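Take the sequences, apply the hints, and build the full model.
If you're matching them up, the sequences are chains A and B in order.
Quick note on our numbering: the first sequence kicks off at 1 and runs consecutively.
Quick note on our numbering: the second sequence kicks off at 1 and runs consecutively.
Keep in mind that a hint or two might mislead.
Label pairs and their computed distance ranges (CB to CB) [as the list claims (entries may be wrong)]: (1) B:T104 / A:R219: 48 to 58 Å; (2) A:E284 / B:K128: 35 to 45 Å; (3) B:T104 / A:R222: 49 to 59 Å; (4) B:T39 / A:E284: 19 to 29 Å; (5) A:R381 / B:L106: 22 to 32 Å; (6) A:E377 / B:D50: 55 to 65 Å; (7) B:T39 / A:S3: 35 to 45 Å; (8) A:L59 / B:T39: 48 to 58 Å; (9) A:S3 / B:R94: 14 to 24 Å; (10) A:E362 / B:G56: 45 to 55 Å; (11) B:K128 / A:L292: 49 to 59 Å.
Not the full set, but computed from the structure, chain A residues with beta-carbon under 10 Å of chain B [unchecked claim]: (12) C100; (13) H306; (14) D308; (15) G342; (16) D345; (17) Y349; (18) L379; (19) R380; (20) R381; (21) S383; (22) A387.
To list a few chain B residues with every Cβ distance to chain A over 10 Å, as calculated [to be verified]: (23) E7; (24) D23; (25) S33; (26) G56; (27) Q61; (28) H80; (29) S83; (30) L84; (31) H92; (32) K93; (33) T103; (34) D114; (35) R117; (36) K124; (37) V129.
Derived by calculation from the structure, the hints in this document are not laboratory data.
Here the structure is a predicted model, which is why all the values come from computation and not from measurement.
Cβ atoms here follow ideal geometry from the backbone N, Cα and C, with glycine treated the same way.
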Amino acid sequence: MDSRPVYLDYAATTPVDPRVLEKMLPWLTGHFGNPASNTHPYGWEAEEAVEAAREEVALLIGAEAREIIWTSGATESNNLALKGAAQAYAEKGRHIITVCTEHKAVLDTCHALQQAGFEVTYLPVRANGLLDPAEFLAALRPDTILVSVMAVNNEIGVIQDIATIGQVCRSRGVVFHVDAAQASGKVAIDVNKWQVDLLSMSAHKTYGPKGVGALYVRRKPRVRLTAQMHGGGHEKGFRSGTLATHQIVGMGEAFRLARLEMESELPRIRRLRDRLWVGLSGLEEIWLNGDLQHRVPHNLNVSFGHVDGESLMAGMRGIAVSSGSACTSASQEPSYVMKALGRSDELAYSSIRFSIGRHTSENDIDIAIDEVNRVVERLRRLSPLWAEI
Amino acid sequence: MRMIYSETLMDHFERPRFAGRFDSDGPDIGTGSAGSRETGGVLRLQIRVDEQGNIGAVRFQAYGPPALIAAGSWLAEALHSKSLDEALGITHKRVADALALPTTSLHFALLGEDAVRTAIQDYKDKQKVYA
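Here you go:
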């Protein structure tokens, strides 16, 4: 019997699906060859497995297999995409546009590019977490070379209107990068409909293993990229380093399952999410963070008024969730995403992200509803301020 | 979040002693408050002083992190049946030591000491009026 809390933090990471693990294991022992060894069957079979996985990743996003580059994860993909494109197009211009609610892997990379002499515009979002297209259009300049917008926000789960931004970028000849780490298996991705040039992916948010990811790099019209990892010239020179066959096979299988099962999985998860929201809505003074319509079904992010965020988290020992104060863990700063929505420090600190996944049951949701109601009511009863309302 | 709370602290946080409030108008009640919502925590402490001049009952309420809730609960227990002079001797250091507060939470022990002092002062002020 597992005595740990109910896991509702699937946006942080997911367990490897047992079907994925089964596919991975042979590539660690008997079939251990280096995919780059082209002189013997050990290498050939590994290369074949890597290419089959590449095909699966491409299929989930509507790309061609040769447009997929393996990386160590979405952080590396974001670094390669942003630094690689900025460097490759630096003679054309020095201006980059992104959004203030992006993941740190994008924001910090942009900060590094600023240090290197690039100029970055960080667009604000509306109170619902969505980008204002007019604001984006106004930020474009003749020297804009690169735009980076995440498909799905990691904290509040809102889905940006990627296709609209993609269309503008294509018409202006600006390279468009999308961080899709939180999107794979949760929304239908089509790099051609979206007119995306670069797209970052991660395996471990979609029931694959940690330590592997991919970057989509468009071939037509061709996007140039300066390599960030030098060595043996693997991945067409974009990313050197021996390929981790077992990890790559795992990502391929995870993305294959996502493609086949999304349609049946998403409505089930949406029902669970809606059940959770209904179960919490009885509480007074609670606030939903982020738009409810333009949102992945897995995510619910709620702020609880008149409750201290740290006490709320410490009190909820029966569920494993993320909080607006723990996201930037080491610091005591409230979540910058919550602040971007215009939330007060107090509501930013008391925000809780519930993220639901493949193994979440109705019973898990009911445990969460009971736990949150119990702790919020207890803390409010204890508060001298609540009594005065 | 992990490992930063002592067992004693978590025990007081999970099972606060003497939580609640007295009618602050009572002549035998002293009410003290410290902190503010804006600075991350409010502690309200009330004492009921019996005929012998000892603290016969205590109530506390707190809004803030576990350290402050635990400080309120620990103080409520510690003040019980103490004389007013003994109560004034309970310093923030004793609160911090008892709960093994991390240095980043020492502020909440100070709020506790402030709340005790203002509660006793409030009681004493009332005695002047009623005397």
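These are the hints, each one checked on the structure:
For T104 (chain B) and R219 (chain A), the hinted distance range of 48 to 58 Å is satisfied, since their beta carbons lie about 52 Å from each other. The beta-carbon spacing between E284 (chain A) and K128 (chain B), approximately 41 Å, falls within the hinted interval of 35 to 45 Å. Checked against the hint of 49 to 59 Å, the C-beta distance between T104 (chain B) and R222 (chain A) comes to roughly 52 Å, which is consistent with it. Distance hint for T39 (chain B) and E284 (chain A): a CB-CB separation of about 24 Å, consistent with the stated range 19 to 29 Å.
Our hint of 22 to 32 Å for R381 (chain A) and L106 (chain B) holds, since their Cβ atoms are close to 27 Å apart. Our hint of 55 to 65 Å for E377 (chain A) and D50 (chain B) is violated, since their Cβ atoms are close to 33 Å apart. Our hint of 35 to 45 Å for T39 (chain B) and S3 (chain A) holds, since their Cβ atoms are close to 37 Å apart. For the pair L59 (chain A) and T39 (chain B), the beta carbons lie near 54 Å from each other, so the given range of 48 to 58 Å is met.
Roughly 35 Å separates the CB atoms of S3 (chain A) and R94 (chain B), a value that falls outside the hinted 14 to 24 Å. Separated by about 50 Å at the C-beta atoms, E362 (chain A) and G56 (chain B) satisfy the suggested range of 45 to 55 Å. For the hinted restraint 49 to 59 Å between K128 (chain B) and L292 (chain A), the CB-CB distance of approximately 58 Å keeps it satisfied. Restraint check, C100 (chain A) versus chain B: the minimum CB separation of about 25 Å is more than 10 Å; hint violated.
The restraint placing H306 (chain A) at the interface with chain B holds, with a minimum CB-CB distance near 7 Å, inside the 10 Å limit. Because the beta carbon of D308 (chain A) sits about 5 Å from the nearest beta carbon in chain B, less than 10 Å, this interface hint is met. With 10 Å as the threshold, the beta carbon of G342 (chain A) stays out of range of chain B, its nearest partner Cβ sitting at about 18 Å, so the hint is violated. Satisfaction of the interface hint for D345 (chain A) is found here, the shortest Cβ-Cβ separation to chain B being roughly 9 Å, below the 10 Å cut-off.
At a threshold of 10 Å, the smallest CB-CB gap from Y349 (chain A) to chain B is about 9 Å, leaving the interface hint in force. With a cut of 10 Å, the hint placing L379 (chain A) at the interface with chain B holds, because the nearest CB-to-CB distance is about 8 Å. This hint holds: R380 (chain A) has a C-beta 9 Å from the nearest C-beta of chain B, less than the 10 Å allowed. With a cut of 10 Å, the hint placing R381 (chain A) at the interface with chain B holds, because the nearest CB-to-CB distance is about 8 Å.
The beta carbon of S383 (chain A) comes within 4 Å of a beta carbon in chain B, closer than 10 Å, and the hint placing it at the interface holds. Given the 10 Å rule on beta carbons, the hint for A387 (chain A) holds: about 7 Å separates it from the nearest Cβ of chain B. Every CB of chain A is more than 10 Å from the CB of E7 (chain B) (nearest about 13 Å), matching its label as outside the interface. D23 (chain B), annotated as away from the interface, keeps every beta carbon of chain A farther than 10 Å; the closest lies near 12 Å.
The beta carbon of S33 (chain B) sits about 7 Å from the closest Cβ of chain A, which is not more than 10 Å, so the claim that it is off the interface is violated. Annotated as non-interface, G56 (chain B) keeps its C-beta farther than 10 Å from every C-beta of chain A; the closest such distance is 21 Å. Non-interface call for Q61 (chain B) relative to chain A: violated, since the shortest CB-CB distance, roughly 4 Å, does not exceed 10 Å. The beta carbon of H80 (chain B) sits about 18 Å from the closest Cβ of chain A, which is more than 10 Å, so the claim that it is off the interface holds.
Interface exclusion of S83 (chain B) from chain A stands, the closest Cβ pair being 26 Å apart, more than 10 Å. Residue-level check passed: L84 (chain B) sits 22 Å from the nearest beta carbon of chain A, beyond 10 Å. Here H92 (chain B) stays apart from chain A, with its beta-carbon at least about 20 Å from theirs, past the 10 Å limit. Distance check for K93 (chain B) against chain A: the nearest CB is about 23 Å away, which clears 10 Å, and the non-interface claim stands.
In this structure T103 (chain B) is separated from chain A by more than 10 Å, as the shortest Cβ-Cβ distance comes to about 13 Å. Residue placement check: D114 (chain B) keeps its beta carbon more than 10 Å from all beta carbons of chain A (closest about 14 Å). Every CB of chain A lies more than 10 Å from the CB of R117 (chain B), the least distance being 17 Å, so the non-interface label holds. Every CB of chain A is more than 10 Å from the CB of K124 (chain B) (nearest about 22 Å), matching its label as outside the interface.
At roughly 24 Å, the least C-beta separation between V129 (chain B) and chain A is larger than 10 Å, which holds for a residue marked as non-interface.
Going through the hint list in order, the structure does not satisfy hints 6, 9, 12, 15, 25, 27.
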